[in-house]
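Novice: Full structure from sequences and hints, please.
The opening residue of the sequence shown carries number 1 in my numbering; numbering runs sequentially from there.
Read the hints as simulated data drawn from the structure, not as lab findings.
Heads up, some of the hints might be wrong.
To be verified - Each computed SDA-like pair below joins lysine to any residue, with the alpha-carbon atoms no more than 25 Å apart: (1) K167 / L386; (2) K171 / F235; (3) K171 / T335; (4) K171 / R525; (5) K171 / D314; (6) K473 / L386; (7) K473 / D397.
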Amino acid sequence: MSTAILTGQPVPGSSIEGDLRELGFRVRPAADAADAETQLAQVPGGERVAVIDARFVGHLHALRLGLTDPRFPLAAVPGAVTAQPAGRRALTRAMARQTSAAGAAGGATTLADSLADRIVTALDEDGAEVHRPELGSLVAEVPADPQARNEARQAVAAVDDEAIRLKSAVKARDGFFTTFCISPYSRYIARWCARRGLTPNQVTTASLLTALIAAACAATGTRGGFVAAGVLLLFSFVLDCTDGQLARYSLQYSTLGAWLDATFDRAKEYAYYAGLALGAARGGDDVWALALGAMVLQTCRHVVDFSFNEANHDATANTSPTAALSGKLDSVGWTVWVRRMIVLPIGERWAMIAVLTAVTTPRITLVVLLIGCAFAATYTTAGRVLRSLTRRARRTDRAATALADLADSGPVAEALTRVTRGLPGGLAPVAALIGGAAVTATAALTGFGGPWPLVAAAGYAVTSAAAVARPLKGALDWLVPPFFRAAEYGTVLLLAAAADVNGALPAAFGLVAAVAYHHYDTVYRIRGGAGAPPHWLRRAVGGHEGRTLLVALLAALLTAAQFTVALTVLAVAVALLVLLESIRYWVSAHRAGSPAVHDEGETA
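Specialist: This is how it looks when you write it as structure tokens:
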């Protein structure tokens with residue numbers, strides 16, 4: 001329950017009390033600033049509290065945006081201000097100052113001014129961060145006289161706030177397929193869910209279950225199963241869009257919801273790749289290497305996105321010519337959609353996978369997916385490299401820490417870092433690239449069972465330790481984590497393929513999936529402001545260089561059949577560790593009331 005303190009004299013015909021109750025507020029009237037301060041002190045510290053001028057005129061959705069968004073400790077619209085428990089102390093201080101000012105003025109200021117607006121001014125003067133939502137054509141004001149009030153009410157009647165609310169539920173920047181083929185109707189599904197009390201997390205779970213059923217249909221290996229899989233995958237994507245739109249429509253943002261939405265997207269896609277591989281195997285075609293390759297490529301693409309964004313999140317730099325050109329292209333309508341489509345976002349990607357599954361074979365589906373993702377990865381990475389090279393950016397310690405967390409270095413790298421000197425500035429990505437290329441090339445060219453992949457993995461551990469021995473603040477240091485991902489995942493894939501026994505590639509798929517989950521979990525913790533997973537977990541799962549060394553050692557010491565069993569055991573062990581710790585963290589963070597977030601994630 002939340003409490004709203006309604007200040008000043010009510011205006012005849014006002015609907016403000018009814019609106020506040022509809023938004024879930026318990027209304028307490030206050031005659032003046034001193035009374036409002038008394039009422040504020042009586043509200044339990046764990047509740048949201050709002051101060052609203054009784055003369056407020058505006059749309060219900062304007063109040064909803066200003067008073068109920070869980071992401072911000074302090075928020076305001078004209079005539080209303082709210083504080084969650086985290087912002088309560090700042091609100092109390094600001095209220096006390098206004099009470100003192102009103103007392104010094106004999107209370108006259110409350111007749112002419114809005115107490116809520118004066119509190120917001122005091123919060124600004126104190127340096128508190130007050131969120132002010134973009135209202136657009138929505139009305140929110142405190143009229144000073146009957147004529148202004150009448151004009152404000154006419155302005156409210158002229159604008160349909162429900163239509164605006166429904167429109168704003170759709171992500172502002174989205175892919176072509178989602179914008180024109182999904183969102184025109186999925187927003188109405190979101191509203192239907194909201195009116196029936198469904199939560200975004202419930203819709204997210206329904207989307208996951210639908211995708212898993214789609215993967216099971218693909219695993220049947222029949223044409224009917226493939227058609228059903230394609231249809232269900234598209235329906236799962238509709239639900240995937242709906243959960244975010246429901247969160248925006250009803251302002252149901254949460255830490256747990258952001259994590260579920262992001263991780264379930266990856267679980268759905270990679271489970272579907274496995275379903276295609278199982279279905280192909282029923283028809284006598286082994287495409288596990290293609291399925292694992294698609295997962296590796298897609299994960300590396302995402303790491304490029306994450307690393308670049310973290311490196312430049314708070315960097316100070318001049319605008320690069322590449323960025324300026326991108327801005328100019330955005331002003332040409334058709335280029336915006338072309339550029340959004342060629343990066344193969346999740347909407348276009350899932351639509352392509354669904355159609356190809358229904359009408360072709362798993363091999364064709366995965367080959368086309370690999371080609372499309374490779375082109376998209378080349379396009380986006382090249383553009384980001386050019387941007388990084390053509391501007392002089394000063395990156396912060398926070399950005400360097402985030403990149404180090406994304407690198408996922410383990411105990412071997414930590415030990416080697418103490419005895420190796422850091423590379424000169426700018427050479428960290430070179431070291432990561434050389435070491436990663438050497439270990440993957442050796443795994444590809446020397447066959448299974450020899451010592452050379454182990455030697456190359458040892459060299460990779462040394463170069464990776466040198467790469468992270470100093471803060472990652474160079475222009476291209478954001479490439480270090482994706483190079484590490486490609487080296488580790490690629491080595492596992494190539495050694496499993498070289499083993500050439502049944503079960504090796506599925507076991508490798510499971511191991512890479514478990515490790516990839518760990519890396520995605522790291523990203524979402526960083527985005528939520530929590531930093532990397534605990535140090536003990538990184539040591540327990542070995543770090544990227546430790547796992548690469550271990551897999552190379554197993555390949556050197558064991559037979560192909562034994563290697564398959566070892567990969568399976570390793571995959572299960574890593575999965576259990578990272579999943580249990582991840583679930584523990586996110587559930588406890590949600591219960592502890594961590595600041596609500598809504599990560600928009602990958603463009604749909």
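Novice: Against each hint, give a clear statement of whether it holds in the structure.
Specialist: Hint by hint, here is what the structure shows:
For the proposed pair K167 and L386, the alpha carbon gap of about 36 Å is over 25 Å, so the pair is violated. A distance of roughly 19 Å separates the Cα atoms of K171 and F235; the hinted pair therefore holds under the 25 Å criterion. Restraint check: the Cα-Cα separation between K171 and T335 comes to about 19 Å, which is no more than 25 Å; the hinted pair holds. Note on K171 and R525: the hinted pairing holds, with a Cα-Cα distance of about 22 Å set against a maximum of 25 Å.
About 23 Å separates the Cα atoms of K171 and D314, which keeps this hinted pair within 25 Å; it holds. A threshold of 25 Å between alpha carbons decides the hint, and for K473 with L386 the separation of about 17 Å falls inside it, so the pair holds. The suggested pairing of K473 with D397 holds, with an alpha-carbon distance near 8 Å, which does not exceed 25 Å.
In summary, the structure is inconsistent with hint 1 from the numbered list given earlier, while agreeing with all the others.
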